[in-house]
Structures are given as structure tokens and as C-alpha cells.
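Starting from the given sequences, assemble the full structure and let the hints guide the process.
What follows is each chain in one-letter form.
2 protein chains.
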Amino acid sequence: MFEKIALIGIGLIGSSLARVIRCENLAGHLAISTRSADTLKRAEQLKLGDSYTTDPVEAARNADLVIVSVPVGASGAVAEAIGPVLKKGAILTDVGSTKASVIAQMAPHVSQGVHFIPGHPLAGTEKSGPDAGFPDLFKNRWCIFTPLPDTEPAALERLSEFWRRCGANIDTMDPAHHDMTLAIVSHLPHIIAYNIVGTADDLEAVTKSEVIKYSASGFRDFTRLAASDPTMWRDVCLHNKDAILEMLARFSEDLASLQRAIRWGDGDKLFDLFTRTRAVRRSIIEAGQDIDAPDFGRQAVGSPEKKTAE
Amino acid sequence: MFEKIALIGIGLIGSSLARVIRCENLAGHLAISTRSADTLKRAEQLKLGDSYTTDPVEAARNADLVIVSVPVGASGAVAEAIGPVLKKGAILTDVGSTKASVIAQMAPHVSQGVHFIPGHPLAGTEKSGPDAGFPDLFKNRWCIFTPLPDTEPAALERLSEFWRRCGANIDTMDPAHHDMTLAIVSHLPHIIAYNIVGTADDLEAVTKSEVIKYSASGFRDFTRLAASDPTMWRDVCLHNKDAILEMLARFSEDLASLQRAIRWGDGDKLFDLFTRTRAVRRSIIEAGQDIDAPDFGRQAVGSPEKKTAE
Ligand SMILES: NC(=O)c1ccc[n+]([C@@H]2O[C@H](COP(=O)([O-])OP(=O)(O)OC[C@H]3O[C@@H](n4cnc5c(N)ncnc54)[C@H](OP(=O)(O)O)[C@@H]3O)[C@@H](O)[C@H]2O)c1
Ligand SMILES: NC(=O)c1ccc[n+]([C@@H]2O[C@H](COP(=O)([O-])OP(=O)(O)OC[C@H]3O[C@@H](n4cnc5c(N)ncnc54)[C@H](OP(=O)(O)O)[C@@H]3O)[C@@H](O)[C@H]2O)c1
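Protein chains in written order, with the numbering used here: chain Y, 1 to 310; chain A, 1 to 310.
Warning: the hint list may mix true and false statements.
Any copy, or any two copies together, can satisfy a pair, since identical chains are not distinguished.
[Said to hold, decoys possible] Quick list of in silico lysine to aspartate or glutamate cross-link-like pairs, DMTMM-like style, CA-CA up to 25 Å:
id : residue 1 : residue 2
1  : K241      : D131
2  : K269      : E253
3  : K241      : E253
4  : K127      : D292
5  : K139      : D292
6  : K87       : D64
7  : K41       : E58
8  : K213      : E286
9  : K88       : E3
10 : K213      : D174
11 : K127      : D272
12 : K241      : D266
13 : K241      : D254
Calculated directly from the structure, the hints in this document are not laboratory data.
Bear in mind that the values here come from a model prediction, so they are computed numbers and not experimental data.
Right, dumping it as C-alpha cells:
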């Protein structure tokens, strides 16, 4: 599809892209760039591309498509470095989990004639690094674009086609709405998960080993999200601050009200909330966004002791 | 193992017990009792026992082992009803998720010569009712007893052996410690999950259908817990109030501090917390309490579109 694709950043997302680009034969030449010599070496051992460099400028030069897959806080510096060498007609995109901040950081460094199209594939796992990627990570997942007002439809369509070939379905929305939506469906859940695991880790009355031993009773479900990459999530928190603070305020308000219902023994209120939330789960399963196997189907893959306890 | 076992309550837990009692041949006669005619009929269709009644007294009469598996708020009334007919030497136990309250409710109705041993199998799923049970629910899970000071060791050992034959491992602790431990490993996670799903359900800026569509980005992981039985969880909240309020207070305090770090852009603090929580996940996996497959192994059981997105 493209003569030369450059991947800047070769972690979970970058290396999954490298793998699907190879499988689907989407690039004549695949140039890989990452910050550290170690990660670069690992990418080379995994044979993820055709050329390897720690210099993003070298990778981006002459590329028809440049995909930046680094923590969102680093996207400005990358754009500043590669901006001057991007060729006319090239498409520059990213995969960052926040969009308004990435646009503010990158857009100033993109010269006329280069198509800058911010993107975010809603696909990932709690793992990171080049070994964590796999070619069908994006299959049947959403990739959201937040095009700028002057984005050329032809360039957007070309990038959309690229992501469709990677397996994704395309959505577009404006950056502010993206950031608000992701704040509730992704950022708040991760922050809450990090927080509850932190709270449990700090207790004196219940030992750490008890928390671990009995974790299958519910706690465990939060630890997967709380094991996600700290750098990525620090950057998400810093770069989607307003939307996250808004969601946190609502969450805390609701929690205070729930706490009050518990303190005053308001069983009807508890029952109503606990009933309403069941319906959301049902919709998610009907929408094919989760499996209905009890315990996420852990039984099917794990040994019997991997069942959910309460 | 027992001439006659009576199960009072035949939902997820009761019907799983019925199934494993049958498989392992643990009772000469298995008497089943449940409140409603509908549930009783279903239990009979499923051939879960040898006799069926909506009258707990009839089921409990002459039983050597009586297991009460009803919402914790209903355990007092059940004990009051069956207390007078329990035979000398019989063991009376329960499976309730809170222990101090269940003891306070049931103990006054147990006459001398009956062995009352409160218990809690840490095994369950988000499903309820007699169809939800399965015989190896308790396999390799913990069953915690909170024996009273005057519990006879021989009776405790007999009940322990029963649960071991059901597949469980046995732990004992005092009721207050049980309630504190479960508050953090189970009750707080469920309450937080209910709360976040409620918050998402109330938003105006992001539509319900967007929340569902993009739920695989993290939100989804909470919805399983938030789909648990409303009656059971209302009762847990009402009957483990003090420990839950204590954990909620700590959680909220920690969340306020995290919120402050986000507001003031304290990246180091965020990074430290997000790093520390990763270690907890690692310990849980090492302890065999979860599988390390990305996305809980959903990929292995679901179709490709069931992957976790971020
Ligand atoms: N993980 C997910 O679930 C997910 C899902 C959708 C979108 N995203 C977004 O995708 C992007 C990459 O995430 P990932 O999961 O692929 O991360 P990752 O596995 O941790 O890989 C990060 C990559 O970025 C490079 N990098 C890190 N810090 C850098 C810096 N300061 N300057 C330049 N390069 C830097 C790393 O290079 P070295 O290793 O050489 O240091 C590595 O190549 C992030 O913006 C994230 O928000 C993530
Ligand atoms: N679910 C879990 O994950 C889990 C795990 C460990 C322990 N537990 C504990 O196990 C107990 C039962 O939970 P479960 O999941 O088996 O519940 P379930 O599937 O909802 O079944 C509840 C059973 O209790 C009966 N019941 C409900 N309300 C009653 C009342 N007011 N008076 C008398 N009987 C009543 C029901 O009878 P009808 O259907 O005939 O009305 C049914 O037989 C609870 O104490 C819970 O805390 C649950």
C-alpha cells in the first residue's frame, strides 16, 4: 500500500503494527526507529522491519506513512525532530490515547503538504514492549481518527484503508469528544484500578499475602488494568487532565452518595443501583464487546483453581 | 458422609453444593428447600436432590448437616425457623459473605447440642439461581470458617472434611478479621465496580451506546462484578457496614490524593503509584490466583473481536 512506512516507537502498538504490516504486505520498505539501543536490538532480533535506527529522522525521511507510537508526552519532541524531513504528500499519524494534547504538541511542527491525521486504535493489553505485540491486535477493534478541519478526504481515506487492512473498523470524531469518551471508558477505569490496588497494598489490618491469597474474590479483576505501563498512564493522566478530573469528580460524588446509603442502611437505594448496572453488562455482551462465560472464561483456559471466587 | 443433608437456599452456591454432593456421593438423602415455588420447581427439574419443599423446617428435620445458602440478611429468619427442629449432634453451617452479622443473627436460635459453624466459600461467579451452579465451583478455592469459641474440634473437622471433599481448601480465622479481609478483597471491588458503571450510565456528554461500543478499553472489566446479584450485594453492604465504610474511607482518601497529583501535574507521584501496583499483579499471578494471558485469556475463548482495547 505504501512504498515506505516508518514506525517511530516499537512497543506493544508499534510492534503489532510491524507484524500486521508484514503479514498483510502493506509496505515496500518498513523502517523502524526507537529511542533506546536495547529495544532496537530486540526489534531487530524479532525481524520486525527492513531497517533499524535510533534516529527517528533517518526513519522518517522519504517515508509515505509515518506512525508515531510513543507515550503521548513524547509526541511533541518526536514531531519537532521529524517535522522538517517529512516529504510532501506523506501521511503522519499517531496512536496516542489522548488526542487534543497530541494535536497541540505535534501540529505546529508539521509543514504544509504533509497530511497530519491523529488517530487512536482502541486496542491494547496490559503488556508493553516489542515482545508484547501480535499481528491481530487490531482485528475487529475500533480505530478512531480525530481529523483536523483541513484534512484532505483522500488522505483520510487512504489511512482508513491502511487501518482496515490491519483489521480495524474506523470511526471519526472531534478531539474533545474523543478525550471525554476515553476518559470514561478507559482512563477512569485504569485510574480507579490503580487506586484500589494502592489502597489494598497500604493496609495494616489485612496483610499483603492475604490480599493476594484471596484476590480471586473480586480484587483480582482490577489488577490487570493496574499492571499497565506506568509511563504510558502517567502521560495519559497529564495529557487528558480536564476530562479525567471531570470524570473523577462525578465518580467521587456518586461514591459519596453510595457511602451514605451504606452508612444509613438505605437498602432500596443500594438495590436500585445494583440492578441498574446489571443492564449495562447485558448490553455489552449483546454488543459482542465481552464474552458471557462466567469469570471471563478464565475456566476455559486456566486450571480449575483459576475460578473467580467471591 | 452424612445420612441426610439439607440445603436451605438453592441458588448459585446451594445448587453447586447439590451437584458436588451428588457427584461425590456425600449424602444418603439430599433435602432441598427454597423460598419460592418457582425456584423449587426448577431445582426439581434439574434433579438436584432427593426431596423438595418450600418449608425449611421440613428439610432441616432429622438432617445431620444443614447448609444455609441465602442472602445474609435472611439468615436470621431461617435460623429462627429451623432452630427448634435441628437434631442433637447436627452441624449447622452457612455460606454467607459476611460473618459477624450472620453469627449475631443465627447463634441465638441454635440450641445446645447443635454444632453451629459459620463458613464462607470464596467461590462464586456473577451469575445466580439454580441453573448457574456447577459441581467444581469450589475446586481449589478457599473455604473460610469462623468458628465460635466453644466449637467442638471434631465437628469442625467433620465439616472441613466435607468441604475438602467438595474440592475446597480450609482456612479458619475470627469473624472480625474475615469481615475486614473480605471488605478489601471482595466487597470494596464490587462496590467500586457498581459505582463506576453507575457513573458512566449517568453521563450526558458521552452516550450510553458509546460507552458500550468502546467498553473493551477498560470499562468492560468492571461490568462483570457490577452484574452480580443485587439482593446478595445489598445485604453484604448492610451487614458488613463498618469494615466497608473503613475501606471506602481509605480508598476515597487515596483517590483524592491521586486526583490532586493529576490536577497539579505531579508526574513522579503518578509514576510511583502506577509502578508499585504492577508488583501486586505479579504476586497474584505467581500465587496462581490469575492467569497471565493478556486480557484474561479472553482471546483464547472468544472470537477475535473480544480482545481488550485501551
Ligand atoms: N498499550 C495500550 O493498551 C495502548 C492502546 C492504544 C494506544 N496506546 C498508545 O500507544 C502509544 C504507545 O504505547 P505502547 O503500549 O506501544 O507503549 P510501549 O510498549 O511502552 O512502547 C513505547 C515505545 O515508545 C518509546 N518511547 C518511550 N518513551 C519515549 C520518549 N520519551 N521519547 C521517544 N520514544 C519513547 C519506547 O522506546 P524505547 O523502548 O526504545 O525506550 C517504545 O518504542 C502510547 O501513546 C499509548 O497511549 C496504547
Ligand atoms: N454468588 C457468590 O459469588 C457467592 C460466593 C460466596 C458466598 N455467597 C453467599 O452465598 C449466599 C447465597 O448466594 P447465591 O449466589 O447462591 O444466591 P442466589 O443464587 O441468588 O440464590 C439465593 C437463594 O436464597 C433464597 N432466598 C433469597 N432471598 C431469601 C429470603 N429473604 N429468605 C429465604 N430465602 C431467600 C433464594 O430462594 P428463591 O429463589 O426461592 O427466592 C435462593 O434459593 C449469600 O449469602 C452470599 O453472600 C455468594
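**Study point:** Homomeric proximity label, K241 with D131: Cα distance no greater than 25 Å
**Key:** So K241 and D131 fail the 25 Å test inside a copy (30 Å) and across (46 Å) alike.
Checklist entry - Is it within, between, both or neither when you check K241 against D266 at 25 Å Cα-Cα? => result between (34 Å within a copy, 11 Å between copies)
Quiz prompt | Copy assignment of K139 with D292, given that the CA separation must stay at most 25 Å | solution = For K139 and D292, both the intra-copy (20 Å) and inter-copy (21 Å) Cα distances are at most 25 Å.
Treating 25 Å as the Cα threshold, decide for K213 and E286: within, between, both or neither.
Only across copies: K213 and E286 sit 11 Å apart there, 33 Å inside one copy, limit 25 Å.
25 Å Cα cut-off: does K127 pair with D292 within a copy, between copies, both or neither? both (24 Å within a copy, 10 Å between copies)
- Since the copies are identical, ignore which copy is meant and state whether K87 and D64 lie within 25 Å (CA to CA) inside a copy, between copies, both or neither. Answer is within: at 7 Å inside a copy they meet the 25 Å cutoff, but 83 Å across does not.
State whether the alpha carbon distance between K241 and D254 is at most 25 Å within one copy, between copies, both, or neither. both (20 Å within a copy, 18 Å between copies)
Check your understanding: Which holds for K88 with E3 at a C-alpha limit of 25 Å: within a copy, between copies, both or neither?
Key -> Within. Shortest intra-copy distance 14 Å satisfies the 25 Å Cα cut-off; inter-copy 85 Å does not.
Checking K269 and E253: alpha-carbon separation at most 25 Å within a copy, between copies, both or neither? Answer is both; intra-copy 15 Å and inter-copy 24 Å each pass.
Exercise for the section: Could you place K41 and E58 in one of the four classes (within, between, both, neither) given a Cα distance threshold of 25 Å? Expected result: Close inside one copy (17 Å), not across copies (73 Å); limit 25 Å.
Since the copies are identical, ignore which copy is meant and state whether K127 and D272 lie within 25 Å (CA to CA) inside a copy, between copies, both or neither.
-> Between. Shortest inter-copy distance 18 Å satisfies the 25 Å Cα cut-off; intra-copy 37 Å does not.
> Can you tell me if K241 and E253 fall within 25 Å by alpha carbon in one copy, between copies, both or neither?
Replying inline: both (18 Å within a copy, 19 Å between copies)
Hint 1 from the list above is the single one not met by this structure.
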